[in-house]
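Q: Going down the list, the sequences are from chains A and B.
Quick note: the first sequence uses the working numbering, first residue 1, plus one each step.
Quick note: the second sequence uses the working numbering, first residue 112, plus one each step.
Because the hints were derived from the structure by calculation, they are not lab data.
Treat the hints with care, as some may be off.
[Unchecked claim] Calculated cross-link-like contacts (lysine-lysine; reagent style DSS-like; alpha-carbon spacing at most 30 Å):
{"id": "1", "chain 1": "B", "residue 1": "LYS214", "chain 2": "A", "residue 2": "LYS14"}
{"id": "2", "chain 1": "B", "residue 1": "LYS214", "chain 2": "A", "residue 2": "LYS9"}
{"id": "3", "chain 1": "B", "residue 1": "LYS153", "chain 2": "A", "residue 2": "LYS70"}
{"id": "4", "chain 1": "B", "residue 1": "LYS148", "chain 2": "B", "residue 2": "LYS182"}
{"id": "5", "chain 1": "A", "residue 1": "LYS14", "chain 2": "A", "residue 2": "LYS57"}
{"id": "6", "chain 1": "B", "residue 1": "LYS148", "chain 2": "B", "residue 2": "LYS167"}
{"id": "7", "chain 1": "B", "residue 1": "LYS167", "chain 2": "B", "residue 2": "LYS182"}
{"id": "8", "chain 1": "B", "residue 1": "LYS214", "chain 2": "A", "residue 2": "LYS57"}
{"id": "9", "chain 1": "A", "residue 1": "LYS70", "chain 2": "A", "residue 2": "LYS9"}
{"id": "10", "chain 1": "A", "residue 1": "LYS57", "chain 2": "A", "residue 2": "LYS9"}
{"id": "11", "chain 1": "B", "residue 1": "LYS179", "chain 2": "B", "residue 2": "LYS167"}
{"id": "12", "chain 1": "A", "residue 1": "LYS9", "chain 2": "B", "residue 2": "LYS148"}
{"id": "13", "chain 1": "B", "residue 1": "LYS182", "chain 2": "A", "residue 2": "LYS57"}
{"id": "14", "chain 1": "A", "residue 1": "LYS57", "chain 2": "B", "residue 2": "LYS148"}
{"id": "15", "chain 1": "B", "residue 1": "LYS153", "chain 2": "A", "residue 2": "LYS57"}
{"id": "16", "chain 1": "B", "residue 1": "LYS179", "chain 2": "B", "residue 2": "LYS148"}
{"id": "17", "chain 1": "A", "residue 1": "LYS70", "chain 2": "A", "residue 2": "LYS57"}
{"id": "18", "chain 1": "B", "residue 1": "LYS153", "chain 2": "A", "residue 2": "LYS14"}
{"id": "19", "chain 1": "B", "residue 1": "LYS182", "chain 2": "B", "residue 2": "LYS153"}
{"id": "20", "chain 1": "A", "residue 1": "LYS71", "chain 2": "B", "residue 2": "LYS148"}
{"id": "21", "chain 1": "B", "residue 1": "LYS214", "chain 2": "B", "residue 2": "LYS179"}
{"id": "22", "chain 1": "B", "residue 1": "LYS153", "chain 2": "B", "residue 2": "LYS214"}
{"id": "23", "chain 1": "A", "residue 1": "LYS71", "chain 2": "A", "residue 2": "LYS9"}
{"id": "24", "chain 1": "B", "residue 1": "LYS148", "chain 2": "B", "residue 2": "LYS214"}
{"id": "25", "chain 1": "B", "residue 1": "LYS214", "chain 2": "B", "residue 2": "LYS167"}
{"id": "26", "chain 1": "B", "residue 1": "LYS153", "chain 2": "A", "residue 2": "LYS71"}
{"id": "27", "chain 1": "B", "residue 1": "LYS167", "chain 2": "B", "residue 2": "LYS153"}
{"id": "28", "chain 1": "B", "residue 1": "LYS182", "chain 2": "A", "residue 2": "LYS9"}
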Amino acid sequence: NAGVTQTPKFRVLKTGQSMTLLCAQDMNHEYMYWYRQDPGMGLRLIHYSVGEGTTAKGEVPDGYNVSRLKKQNFLLGLESAAPSQTSVYFCASSYSYQILHFGNGTRLTVT
Amino acid sequence: GESVGLHLPTLSVQEGDNSIINCAYSNSASDYFIWYKQESGKGPQFIIDIRSNMDKRQGQRVTVLLNKTVKHLSLQIAATQPGDSAVYFCAEISGYSTLTFGKGTMLLVSP
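Please work from the sequences and hints to get the whole structure.
A: As structure tokens, then:
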């Protein structure tokens, strides 16, 4: 039972490049989330999904897009990366809004 | 990149001591609270939760106390061990909204 798996683990982008982060969960959870974590800022919600085919904006959605085409996968896209998007990105899933299960993160650097 | 632990309040204890990590929350309507532990290089892990109709809940070596009057939450860890060294986050939720995370406290346990 892998839980929540994020790929890749590390990525370096140049300003203006695009990329997609993949999150996969094998717990049959309805809810999935993307957070970013910056020093001293805690975890901030980017986008989330309450079921297959649905997405919603979180606290810091600008510059990101998401898709939930399959229940087990939640993709986070950066269309034109900026240095301000240098961060550690965490995906999480949950049965309800409450106890979240997190992946181990993707460390993204934008130069 | 910078460690997530930089700029955080830090609690330093000796192995075997009891630790108390505090959290002030902002939303008086919050009705559910969770403590998470995040070890270096990993995603946050669920420790214990408490609902607003409770004042205290105990787990294995951990106790969460909730004081709704002053909007304060605390996590007590008994007989702290080096493996408890991590960043600890409180999170709150109101109704069917998403979790809001605090900025975290770093716990350092020395042998």
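Q: So, for every hint listed, does it hold in this structure?
A: Verification of the hints:
At roughly 29 Å between alpha-carbon atoms, B/LYS214 and A/LYS14 fall within 30 Å of each other, so this suggested pair holds. Of the pairs offered as hints, the one joining B/LYS214 and A/LYS9 holds, with about 23 Å between alpha carbons and a cut-off of 30 Å not exceeded. Among the hinted pairs, B/LYS153 with A/LYS70 is consistent with the structure: their alpha-carbon atoms are about 25 Å apart, no more than 30 Å. Pair hint B/LYS148 plus B/LYS182 holds up; C-alpha atoms about 21 Å apart against a cutoff of 30 Å.
A C-alpha spacing of about 25 Å is found between A/LYS14 and A/LYS57, which places the hinted pair at or below 30 Å, so the restraint holds. Distance restraint check for B/LYS148 and B/LYS167: the Cα-Cα separation of roughly 19 Å lies within the 30 Å cut-off, and the hinted pair is therefore satisfied. Distance restraint check for B/LYS167 and B/LYS182: the Cα-Cα separation of roughly 14 Å lies within the 30 Å cut-off, and the hinted pair is therefore satisfied. Among the hinted pairs, B/LYS214 with A/LYS57 is consistent with the structure: their alpha-carbon atoms are about 21 Å apart, no more than 30 Å.
The suggested pairing of A/LYS70 with A/LYS9 holds, with an alpha-carbon distance near 22 Å, which does not exceed 30 Å. Our distance criterion of 30 Å between C-alpha atoms is met by A/LYS57 and A/LYS9, whose separation comes to about 24 Å. For the given pair, B/LYS179 sits about 11 Å from B/LYS167 by alpha-carbon distance, which is consistent with the 30 Å threshold. Restraint check: the Cα-Cα separation between A/LYS9 and B/LYS148 comes to about 20 Å, which is no more than 30 Å; the hinted pair holds.
With a C-alpha separation of about 27 Å, the suggested pairing of B/LYS182 with A/LYS57 holds against the 30 Å cut-off. With a CA separation close to 26 Å, the supplied pair A/LYS57 and B/LYS148 stays within the 30 Å bound. Taken as a hint, the B/LYS153 and A/LYS57 pair is honoured in the structure, with Cα atoms around 25 Å apart against an allowance of 30 Å. Proposed proximity of B/LYS179 and B/LYS148 is supported: the alpha carbons are some 23 Å apart, at most 30 Å.
Pair hint A/LYS70 plus A/LYS57 holds up; C-alpha atoms about 18 Å apart against a cutoff of 30 Å. Taking the CA atoms of B/LYS153 and A/LYS14, the gap is near 25 Å; set against the 30 Å cutoff, the hint holds. About 29 Å separates the Cα atoms of B/LYS182 and B/LYS153, which keeps this hinted pair within 30 Å; it holds. With a C-alpha separation of about 27 Å, the suggested pair A/LYS71 and B/LYS148 falls inside the 30 Å cut-off, and the hint holds.
Annotation: proposed proximity of B/LYS214 to B/LYS179 holds, straight-line Cα distance about 20 Å (limit 30 Å). Of the supplied pair hints, the one linking B/LYS153 and B/LYS214 holds, its CA atoms being roughly 16 Å apart against a limit of 30 Å. About 22 Å separates the Cα atoms of A/LYS71 and A/LYS9, which keeps this hinted pair within 30 Å; it holds. For a cut-off of 30 Å, the pair hint linking B/LYS148 to B/LYS214 stands: about 12 Å separates their Cα positions.
A hinted pair counts as satisfied when its Cα atoms are at most 30 Å apart, and B/LYS214 with B/LYS167 qualifies at roughly 22 Å. Pair hint B/LYS153 plus A/LYS71 holds up; C-alpha atoms about 24 Å apart against a cutoff of 30 Å. Taking the CA atoms of B/LYS167 and B/LYS153, the gap is about 28 Å. The hint holds against a cut of 30 Å. Under the criterion of a C-alpha separation no larger than 30 Å, the hint pairing B/LYS182 with A/LYS9 is inconsistent with the structure, at around 37 Å.
Violated hints amount to a single one, hint 28; each of the other numbered hints is respected by the structure.
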